[in-house]
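K.L.:
Chain residues, written in single-letter form:
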Amino acid sequence: MKMLRGVIDWLEERTGIESAIHHFLYEDVPASAGWHQVLGSVALFAFLTQVFTGILLALNYAPTPGEAYNSLRYIVTEVTGGQMIRGLHHWGASLMIIVVVLHMAQTFLWGAYKKPREATWMVGALLLLLTLAYGLTGYLLPWDNRAYWATTVTVHISALPPGAGPYVLRLLGSDGGSIGAVTFARFYAAHVLLLPPLTFLLIAIHVYLVRRHGVTPIEVDATLPKKKFYPEQVFKDTVATFAWFAILVIMAIAVRVPLGHVADPTDTSFIPRPEWYFLFLFQFVKLFNGPLEVVGAVVIPTLAILVLFLVPFIDRGKVLRIRERTGAIAVIVLGVLGWSALTARAIQTTPPSTESPDAGFAQVEPWQQVPPDQLAAIGAFRKDNCATCHVLGGSGAGPDLTRAASQRPADWLLQHFKQPAPNVATQLKGPELRGLLNFVTKRNDVAVKAWTGAPVAAVEGAMVYQANQCGACHKLNGAGMETGPPLNGVADHHNREWIEGHFADPVKFSPGSTMPPFKLSSHDLDRLTNYLMEIPK
Amino acid sequence: MIAGLGGIMTAALAAPAAAYLLLKPRSQKQGDFVPAADLSQLTIGKPEEVVFHRTRVDGWRVLNEKSTAWVVRKDDQNVVAFTPQCTHLACAYHWEEKDAKFFCPCHNSVFAIDGKVVSGPAPRPLDRYVTKIDQGKVLISSEIQLG
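Keeping their order, the protein sequence lines are chains A and U.
So that you can map any letter, position 53 of the first sequence is 53 in my numbering, and since no number is skipped, the others follow by simple counting.
So that you can map any letter, position 75 of the second sequence is 75 in my numbering, and since no number is skipped, the others follow by simple counting.
Excised from the complex, chain A in its bound form (with noise of 0.2 Å):
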């Protein structure tokens, strides 16, 4: 114990800091100060937090195109904790948004925000627009479809200012309004090293403006005596911070953050939306059309922001109750309202997504990233039972077809097929004998892998697909034509209702089709959409 007093005295005496500790702990706070104090210390604790798992995230993340997406997805689903830190930094955006607005709320409703402490006020609206700022650029960095549509969107508003539209654009790095690796590396730089120090720096002028003016006091604080901020201010401010972590954590570990499909420009069927604190902006944009949309995009919101920082000069009356305060209750019931309204009719007309908030997390299994002719090959071996000297993997009356491709030639691979042995015949017909023939001679290194694994309902579905010739027209996994569209990710776009219809009546679903109609078994039917509905993009 005496030792460590010998330390604290040393640095006390080298540097002053615990007499700045006890400086900072025992400040004077007016009477009244209490429970409405907390939550700027909740909001500066959540922006420590997102510090924390911004920098931990950061640890194992590439920031590029493509390998961003690779890499986030590795987070969640290899690295051990990788989904509860990035649950933390999610929802600790949305919670800390919460945070701040309601903190702005209140010095709004108090009207904290007058002299002397008007330039408290602006540099709190500065932080909420830098807040904001980071929900912005944070989207864009897990590079599925919903960060690059979202962001495409913002990119594009950003270009409406006339004059200053294509400078804008050009400071994004989208020349054009086009998202790529330069857009990328802006908004990851902007998130991570513009943002960040100047976030610290305006929380330390807040803090320092705040120590400096107090706590805003009330009419009873000149009649009673000051309390001191430390404990009876801290224990609240802790017991609320913890009370806000606490949902944090449980958010975290309850709700899983969507990660979709990795970013494709070609993807004419997503749904963009931004995050949920700007859908009150995005419906509030589509009341604006044509020439006005300017205005509904750029020029309100610019000047909602200009009247904001201003609140201290537009209010200039006396400090009054908060009952008396009419005026500012109305503009916040008004402000709710509006809001509300806004965010539920952007979330009602929002048609369902067509792409499952988690498919980034599927993993692909081998079978459903072979060609189609190949895992129809799969089945052409298992069929007649070749494996019955064919081991995979082992020993067996014939070679082992998983060690090499086989070095036979066709006339006798085919001859074989037909009769493996002497006084044994096949089944095989035409199109699966040459299926087969170009499975043992070429087939890939995913199709080995498939060759033990594939299930019997999608290699059944393959065989439908070939013998319907499915590829003539449509591309799969690779290999086809592209007459028609390609076929990967068809059930991201359409029902199972629609897929099965549409076979039947191609031009009834799909006006303008020139695909004929194919008559399948209730069985084929069955298998070949199952089959189609599992291969991803």
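There could be a bad hint or two in this list.
Within a straight-line C-alpha distance of at most 27 Å, the following computed DSSO-like cross-link-like pairs (lysine-lysine) qualify [what the hints assert, rightly or not]: (1) U:101 <-> U:66; (2) U:132 <-> A:442; (3) A:449 <-> U:137.
Just some of the chain U residues that point at chain A, by a computed CB distance under 7 Å [to be verified]: (4) 2; (5) 5; (6) 9; (7) 12; (8) 20; (9) 23; (10) 59.
With the Cβ distance kept under 10 Å, some of the chain U side facing chain A (calculated, not the full set) [stated by the list, open to error]: (11) 13; (12) 16; (13) 17; (14) 19; (15) 26; (16) 35; (17) 135; (18) 137.
Hints in this document: simulated from the structure, not taken from any laboratory.
Glycine residues also receive a C-beta, built at the ideal position from the N, C-alpha and C atoms.
Keeping the supplied structure of chain A fixed, place chain U upon it in accordance with the hints.
P.N.:
Just chain U now, kept in the frame of chain A:
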């Protein structure tokens, strides 16, 4: 009370952070055995530097890269494939024909043909790839057994 709540919050952040940084990620991709050499081309008791392609998992990336191993044929059914780095500070070592020893030029570690340390600062015998022989081929896995 303040310290208690602060402690709980610190622990709730520190525990997942520690797991995140210190525990081995569960890899969903695994490297398989790959053919590296023909057994018939190896002479018993004479190490050969064999070049092969293997799949290596590097974080979120799966790389197919060139790799080498010092393969020693022990008899008709057994081979040993040593990883090509010295167990001291991971310099590349080589086989000295005249001394019949593996020699590392960085800090003069010397290993016998069975990988055991003969002299020098190397702390343990040479590391080995897991191998198997199938139909006359030496197959090497990406799994490594420390010496």
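K.L.:
Evaluate each hint against the coordinates.
P.N.:
Cross-check of the supplied hints:
1. With a C-alpha separation of about 25 Å, the suggested pairing of residue 101 of chain U with residue 66 of chain U holds against the 27 Å cut-off.
2. With a CA separation close to 26 Å, the supplied pair residue 132 of chain U and residue 442 of chain A stays within the 27 Å bound.
3. This hinted pair checks out: residue 449 of chain A and residue 137 of chain U have alpha carbons roughly 20 Å apart, not beyond 27 Å.
4. A distance limit of 7 Å between C-beta atoms decides the matter here; for residue 2 of chain U the minimum to chain A is near 5 Å, and the interface restraint holds.
5. Checking residue 5 of chain U against chain A by beta carbon gives a least distance of about 5 Å; that is within 7 Å, so the hint holds.
6. With a cut of 7 Å, the hint placing residue 9 of chain U at the interface with chain A holds, because the nearest CB-to-CB distance is about 5 Å.
7. Taking 7 Å as the C-beta contact cut-off toward chain A, the hint placing residue 12 of chain U at the interface holds, the least distance being around 6 Å.
8. At a threshold of 7 Å, the smallest CB-CB gap from residue 20 of chain U to chain A is about 4 Å, leaving the interface hint in force.
9. For residue 23 of chain U, the shortest C-beta to C-beta distance to chain A is roughly 4 Å, which falls under 7 Å, so the interface hint holds.
10. For residue 59 of chain U, the suggested interface contact is upheld, since its CB lies about 6 Å from the closest CB of chain A, less than 7 Å.
11. A hinted interface residue such as residue 13 of chain U counts as satisfied when its beta carbon comes closer than 10 Å to some beta carbon of chain A; here the least separation is about 6 Å, so the hint holds.
12. The beta carbon of residue 16 of chain U comes within 4 Å of a beta carbon in chain A, closer than 10 Å, and the hint placing it at the interface holds.
13. The beta carbon of residue 17 of chain U is positioned within 10 Å of a beta carbon in chain A (closest approach about 6 Å), and the interface hint is therefore held.
14. Checking residue 19 of chain U against chain A by beta carbon gives a least distance of about 4 Å; that is within 10 Å, so the hint holds.
15. Contact between residue 26 of chain U and chain A, as hinted, is supported at the beta carbon level, the nearest pair being about 6 Å apart and thus within 10 Å.
16. Restraint check, residue 35 of chain U versus chain A: the minimum CB separation of about 9 Å is within 10 Å; hint holds.
17. Of the supplied interface hints, the one on residue 135 of chain U holds, with its beta-carbon coming within about 7 Å of a beta-carbon of chain A, less than 10 Å.
18. With a least beta-carbon distance of about 8 Å to chain A, the hint placing residue 137 of chain U at the interface is held under the 10 Å criterion.
When each numbered hint is compared with the structure, no violation occurs for any of them.
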